[in-house]
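Student: Use these hints to put chain C onto chain W, whose structure you have.
The chain contents come next:
Protein chains: 2
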Amino acid sequence: MIDWRDYDAPLLSPILQAALDSFVTGGFHGTSIRQLAGAAGLSVPGLYHHFASKHAILAEIDRLAMEDLWQRSVAALADGGQEPTARFDRLIECLLLFHAHQSDLAFIAFSEIRALKDQHRYAHIAARDRQQKLLDEVVEECVADGSFTTEFPRDASRAITTICTGVSQWYRAGGELDPAGVAERYGEICAHAAGLPMK
Amino acid sequence: MIDWRDYDAPLLSPILQAALDSFVTGGFHGTSIRQLAGAAGLSVPGLYHHFASKHAILAEIDRLAMEDLWQRSVAALADGGQEPTARFDRLIECLLLFHAHQSDLAFIAFSEIRALKDQHRYAHIAARDRQQKLLDEVVEECVADGSFTTEFPRDASRAITTICTGVSQWYRAGGELDPAGVAERYGEICAHAAGLPMK
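Top to bottom, those sequences are chains W and C.
Here the first sequence is numbered in UniProt numbering, starting from 1 and rising by one per residue.
Here the second sequence is numbered in UniProt numbering, starting from 1 and rising by one per residue.
This is chain W alone, in the form it adopts within the complex:
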């Protein structure tokens, strides 16, 4: 079982990390293959040795991000008590930690989705839908056992997803909250959004 709270090991290879940094600064379409090679300390042919195209680099970054989020989410759900609210709390903690620790990755995976072509775009959408469905089911479990009172579990689940993914838009390392602080504070807000009664 992976440690879903641990972000010490880098997810991306140095080449992909350099590409991600370039995309964050200049956008996918605004970054040339020459700039990506330079950022990675490679020649253009050297970069093409590793990846067939700029698009293949974006697609691989996106695939790794969505797969990592999924593996962590499944681990978080399994890792402890199986009461619905305990499962909800861990899944939300996992989503919030991911979008704080990996804010650049999540921002690019979201904002450059239109740049993904063909099967890579379908794969992204399938991964996103699978991730949403996981949360939908947990919210429904919490409603079914009376822990949450929302009349619209699917909408609450979607709203909670946007709170969590929205973290990648504003989170900056070195700000007021560290990732654990984000998870604690916004986790509570998410639970209330789904109709957790006030204490």
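There may be inaccurate statements among the hints.
The list that follows gives simulated cross-link-like pairs (lysine-lysine, DSS-like), each with its CA atoms no further than 30 Å apart [stated by the list, open to error]: (1) C:Lys54 <-> C:Lys117; (2) W:Lys117 <-> C:Lys133; (3) W:Lys117 <-> W:Lys133; (4) C:Lys133 <-> W:Lys54; (5) W:Lys54 <-> C:Lys54; (6) W:Lys117 <-> C:Lys54; (7) W:Lys54 <-> W:Lys117; (8) C:Lys117 <-> C:Lys133.
Partial chain W-side listing against chain C, Cβ under 7 Å, derived [said to hold, decoys possible]: (9) Leu12; (10) Gly27; (11) Ser111; (12) Ser147; (13) Asp155; (14) Ala156; (15) Ala159; (16) Thr162; (17) Arg185; (18) Gly195.
Please keep in mind that the hints were generated in silico from the structure rather than gathered at the bench.
On a predicted model such as this, the values are computed, not experimentally measured, just so you know.
Glycine included, every Cβ here is placed at the ideal spot set by N, Cα and C.
Tutor: Structure of chain C alone, referenced to chain W:
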């Protein structure tokens, strides 16, 4: 006073609307000035007669969007009872209606912000901050009078903003909910996120 619930009149000129449609399909960097001219039924020199550059078109779309949202928000706050929760409900309704009716506009204003240069970027950030501050103050009024119980009004306000702006990511005309339905259902979720006690 403008009617902040009315979206019958188009906000954008036909040239800007055609450009917005093109940006939604292909992204700002992925769309050429030639494509923008063609979409507007103009020659390239004809388009340059109206706008100095592709960037000027994006900047004008963004400026109009942020100004329209601001005018509607101010009108919504003034338009009725001044109890804090009534003001909150109207402001959230306004934000949700805007991001459903103008989902393409809001999506581009958000996702292409990195393409905005210099003073246009600063103007966007200033407009966004002014908009966030408006909501922050209303949430704080609701906490001060005991209507909302959140311990972290600023964070709740930021989470609520992401719920509202997130509508522009998933809303599609002709889906299950119309804009008024989105406003009703997600308005309730937003109020609970800020700690409105359950009924």
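Student: Compare the structure with each hint and give your call.
Tutor: Outcome of the hint check:
no.: 1; hint: C:Lys54 <-> C:Lys117; verdict: holds, 12 Å
no.: 2; hint: W:Lys117 <-> C:Lys133; verdict: violated, 38 Å
no.: 3; hint: W:Lys117 <-> W:Lys133; verdict: holds, 24 Å
no.: 4; hint: C:Lys133 <-> W:Lys54; verdict: violated, 39 Å
no.: 5; hint: W:Lys54 <-> C:Lys54; verdict: holds, 24 Å
no.: 6; hint: W:Lys117 <-> C:Lys54; verdict: holds, 24 Å
no.: 7; hint: W:Lys54 <-> W:Lys117; verdict: holds, 12 Å
no.: 8; hint: C:Lys117 <-> C:Lys133; verdict: holds, 24 Å
no.: 9; hint: Leu12; verdict: violated, 20 Å
no.: 10; hint: Gly27; verdict: holds, 5 Å
no.: 11; hint: Ser111; verdict: holds, 5 Å
no.: 12; hint: Ser147; verdict: violated, 12 Å
no.: 13; hint: Asp155; verdict: holds, 5 Å
no.: 14; hint: Ala156; verdict: holds, 6 Å
no.: 15; hint: Ala159; verdict: holds, 5 Å
no.: 16; hint: Thr162; verdict: holds, 3 Å
no.: 17; hint: Arg185; verdict: holds, 5 Å
no.: 18; hint: Gly195; verdict: holds, 6 Å
The structure does not agree with the numbered hints 2, 4, 9, 12 stated previously, though it agrees with the rest.
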